[in-house]
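Here are the chains, one letter per residue:
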Amino acid sequence: MIGRRSFLRVLGSAGLSHMAAPAVLSARPLSSAMRPGTGQGASLLVPMDDRQSNHLKAYGVTYRSLGRGGTAEWLLNYRDGSFLLPDGSAVRRDAALSGVACEPLSPGGLVDIRGVIQANNMDAVPLEKAPKVAVYVPPSAAPWDDAVTMALQYAGIEYAKVWDPEVVAGRLQDYEWLHLHHEDFTGQFSKFYLMYSGSAWLAEMVRQNARTARDLGFGTVAALKKGVAEGIRRFVEQGGFLFAMCTATETLEIALAARDVDVAAQYSDGTPMDARASELLEWSRTFAFENVVLERSPSTASFSNIDGHQVNSPARRQVLGAFRLFNFSAKIDPVPTMLVQCHRQVIPDFYGLTTSFSRSTLKPGVTILADENGAPWVKYIHGDYGDGTWTFLGGHDPEDPQHQIGDPPTDLSLYPNSPGYRLILNNVLFPAAQKRELKT
Amino acid sequence: MGAPRVASYLCLLTIVGAQPASAQSGSGLELERRGRHHEAAAAYRETLGSDQANVGAWLGLERVLTRLGRLETMMSLLDSAISRSPASNFLRELELRAWAALGQGDSVSAAAERWIAYAPEIPDPYRHWARTASRRGESARAIQILLDGRARLGGSALAPELAQMYMAAGAWAGAAEEWAAAVMLDESHTTAAAAGLRQAPELQRDRILMILVDPHREKVVHRLGAEVLVSWNRPEEGWTLLDSALPADRTRAATSLSRFADRTVRIGTPGAARARAYALERLAELTQGAASERARVGAAQAFADAGDLAAARRMLETLATADAPPGDAASAMATLIRVTLESGRLEEADTRFRVWEERLRADDTERLRQSLASAWIRRGELGRAEQLLAADSSIAALAIRGWLALYRGDLFGATEYFRAAGPRAGSREEATRRTAILALLQNVRRDSLPRLGRAMLLLEQGDTSEAVDHMAEAATHLDDVGGRAHLLAFAGRLCVARSDFGRAESLLQRALAADSVGSAAPAAEYALAVTYVETGRPEAAVRQLEHLILSHAGSAVVPEARRMLDQVRGAIPRADAGESAPKRDPLIEDRVFRGGSAV
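Heads up: the protein sequence lines correspond to chains A and B, in order. Quick note, the numbering used here runs 284 ahead of the 1-based positions in the first sequence. Quick note, the numbering used here runs 29 ahead of the 1-based positions in the second sequence.
Hints in this document: simulated from the structure, not taken from any laboratory. Keep in mind that this is a model prediction, so the values were computed, not measured. Any given hint might turn out to be false.
The calculated label-pair distances, taken between Cβ atoms and stated as ranges, are [said to hold, decoys possible]:
(1) A/555 / B/294: 48 to 54 Å
(2) B/505 / A/392: 54 to 60 Å
(3) A/428 / B/575: 50 to 56 Å
(4) B/505 / A/334: 57 to 63 Å
(5) A/334 / B/565: 38 to 44 Å
(6) A/691 / B/576: 34 to 40 Å
(7) A/647 / B/295: 42 to 48 Å
(8) A/425 / B/108: 55 to 61 Å
(9) A/425 / B/183: 51 to 57 Å
(10) A/544 / B/297: 54 to 60 Å
A few chain A residues facing chain B, derived, Cβ under 8 Å [stated by the list, open to error]:
(11) 381
(12) 385
(13) 438
Not close to chain B: a few residues of chain A, all C-beta gaps over 10 Å, as computed [as the list claims (entries may be wrong)]:
(14) 444
(15) 455
(16) 491
(17) 656
We treat Cβ as the ideally placed atom computed from N, Cα and C, and that holds for glycine.
Using the sequences plus the hints, can you model the full thing?
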């Protein structure tokens, strides 16, 4: 696994200068056949603006091109974040089967594009390696209740499933990218315990977690999840890329801050939440938030004031608006620029158990990638931690804004141009920009 | 509940009424709009200096000071205003809200206690105090405040507020208890109660129902139960409950029935239609004259929608022949003819139509005539259908004449009629179906092919198996690229639609052997892939779909092929779409092979 610092150092020197002197950037020269845009092999442009027929599968085509040993370039802000791939029958076949629009480029056309990129707030970032992706889900989970696994599945990007035993055993180091979705790291079963008591799926969730805790030597599920949260924190600290959505964002932070504090309700661990829990939390150990006030009621499916929308608390619930992606300088801030590549700047919001992040709880160094104009919350945030990075996106499913338990799964073939899902896939390809350390 | 609330509103109105049209307040608002918050605050203060009852100025001052982070500077001014107008609920509420916004929980409590001490008989202090607690996320505290208020005020005071708080806390049984108490005090809470309880999780619903259908409770609670059941898409149970809980007063009962019937419309299931029909039938009994007749027609339509054609006829038969106003009678008769036709009593429907034809509304006449013609066609009596349409020059009639020509094997005539009818005759499904057949006929290079006409008529009559045989036989009379491939592909797709996969595979492969590159090939390949999926050969399906996508990139079938490829590969879900999902052929409308009517 390569740390963020070396990654950024390389990125910083790999943008435009890559075009000027590509050989300098790579310790291992690429074969011209596998390398786009060098002038020796033909290139295919995968436009990501409104000319693209299937934005989501375009990420899969790019990922698989990398997987076949080729390289690619991510043309940040050029036609809404297009990809440049080496032309060849395999790529063309893949694109045709996937319904992904591609444009063959003449050498002259490519020069023109590079000129446009150089003259504008754009950059070309080399993508060299398909990242090893892991998703934290129970082993038996179907992919259909998790926006990321749905996106990966639809785009055709391979991923491994990891769960508590793998995290506790330190196996996260085998992966570059880890995704968390609606896991409750406070060990309170998403606080559905009272509202959905008696339902089979909840009983199974409790049984499975309790057995795992016992097998791994933890006294309670809450203790197990704190241990898992710690494993995830170490993964990021040592250079991993973390992407989390929905409840995982908020509860991971609470679990990290609550290492020595009981934040779980009595139904979960046999003892009530510490009466002074909010005051005792240690926020120096977390990625994104601080000064958080916990929700004390065990029957309210809300965890804290991190979430701005409080969807399961009718008295506090906020209506959905739309969020706006920020613009960054592609040449100076390539990482946030990659994360916000999209063909829409304003995207309809969508609920989740954690929908958004209150501005008042954000740590000062957090980079806001998207917010709702004038609202006291933000939607999409990013930051560094140790040698790694983390990115949090609020909400559950970008194309099912009011997702309920038991709703039918989203069929992404009906939303091939989903801007919200693009944000997820930006995160998947973002570690692909990771490069070998320069020999200095 | 009602009296104290009225009192508090009156108090507010008194303040509002006392204020002159304030230019200063207006300038404060203008400054605020321009973002000049400091100056706006000064303007609002100036207004309040001369008119402490100016609600607009208070609200403006609260807004701008909150934005400036200086809300605490409002409190002394507010304190003095309250001293002068201690009965002002508005100022008291503002004080609670401001202390809460400042995060001064103790001051909120103290202000609320002062308000209660001043006006111990009204619920407002508890209501607003609880709301501030709730906004801070202190649900339990909010509930306790309301319970304290009830203990002091007595009875079921603050029931709607408690219900809301219980719902927010997920305590649904408690919420149902409170809503029951609220509607017993004032039935107008029913709408809010039903809207709130509608959101109850599935697992909590039985507990809620136990409360709302408790036989020891008043009927108004049962009526709430009926409304909640409808909101949970359980209209028939709702009707059972309402039926036994109607008020004795006829006007109020009629209101309840109308409301119930209206609520069931959006559900759109046969059960909802049946519940609606019962409610409207009862409404017809309770009302008189035109209102009664309208209810009866509505009940008949609802019974028909529910599939209970006998009940629909029972509702209509007296109406259509009795002393009903002519318009109502004609409308009822149109419905009766439709119901009779849908019951399969074609001769009777035809007779009634001929008797009433002159008195029906023009659009009903046209629609019924075409429905009857289509029904005669399905019966195989093409002559009677033609006779019915003789005087009909509408484009819908042209379309039906096209079908008549087709069933007689007159492919040229059918093509001409379909073209003349254009895309707007009949429903969208009907137009799609016509277009699909027109596309097929354009590839069959014959002016006349009676066997194909016979096949199409059999299809219309629902005998798909026999139709496929005739179609395959008709194909043998055609050249490979002169329609054979198209007819075989069409027949194969019909077999797929009726899950006859063995015959489908054979026909589709024959079609592709006849012409693997022509316009029939993509749909044939798609249908073949469906056959492979349905017979447990996903690898063959993937190969076929990839071939289709890569060989016919411009075909309209390709998006569906990609979608199926995703399903077969597990890239998108298919479980909830049902097992028949990939079986559906996008180019064959269901009615082509179901023999549906044009009614």
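We went through each hint and held it up to the structure:
1. In this structure the hint that residue 555 of chain A and residue 294 of chain B lie 48 to 54 Å apart at CB holds, the actual value being about 52 Å.
2. Remark: the range hint 54 to 60 Å for residue 505 of chain B to residue 392 of chain A is upheld by a beta-carbon distance near 57 Å.
3. Taken as a hint, the range 50 to 56 Å is violated for the pair residue 428 of chain A and residue 575 of chain B, whose Cβ atoms sit roughly 24 Å apart.
4. For residue 505 of chain B paired with residue 334 of chain A, a C-beta distance near 49 Å fails the hint of 57 to 63 Å.
5. Against the hinted window of 38 to 44 Å, the Cβ-Cβ separation of residue 334 of chain A and residue 565 of chain B comes to about 40 Å, which satisfies the hint.
6. In this structure, residue 691 of chain A and residue 576 of chain B meet the distance hint of 34 to 40 Å, their C-beta atoms being roughly 36 Å apart.
7. As the Cβ distance of residue 647 of chain A to residue 295 of chain B is approximately 47 Å, the hint placing it in 42 to 48 Å holds.
8. Take residue 425 of chain A and residue 108 of chain B: their Cβ atoms lie about 58 Å apart, and the range 55 to 61 Å holds.
9. Under the hint 51 to 57 Å, the C-beta atoms of residue 425 of chain A and residue 183 of chain B, about 53 Å apart, fit the expected range.
10. The hinted range of 54 to 60 Å is satisfied by residue 544 of chain A and residue 297 of chain B, whose Cβ atoms lie roughly 56 Å apart.
11. Look at residue 381 of chain A: its Cβ gets to within about 5 Å of chain B, closer than 8 Å, so that hint holds up.
12. At a threshold of 8 Å, the smallest CB-CB gap from residue 385 of chain A to chain B is about 12 Å, leaving the interface hint violated.
13. For residue 438 of chain A, the interface hint holds, the least distance from its beta-carbon to any beta-carbon of chain B being 5 Å, beneath 8 Å.
14. Separation of residue 444 of chain A from chain B is adequate, the least Cβ-Cβ distance of about 16 Å exceeding the 10 Å criterion.
15. Even its closest Cβ contact with chain B, about 25 Å, leaves residue 455 of chain A beyond 10 Å, as expected for a residue assigned away from the interface.
16. For residue 491 of chain A, the requirement that its beta carbon stay farther than 10 Å from each beta carbon of chain B is met, with the minimum near 18 Å.
17. Separation of residue 656 of chain A from chain B is adequate, the least Cβ-Cβ distance of about 18 Å exceeding the 10 Å criterion.
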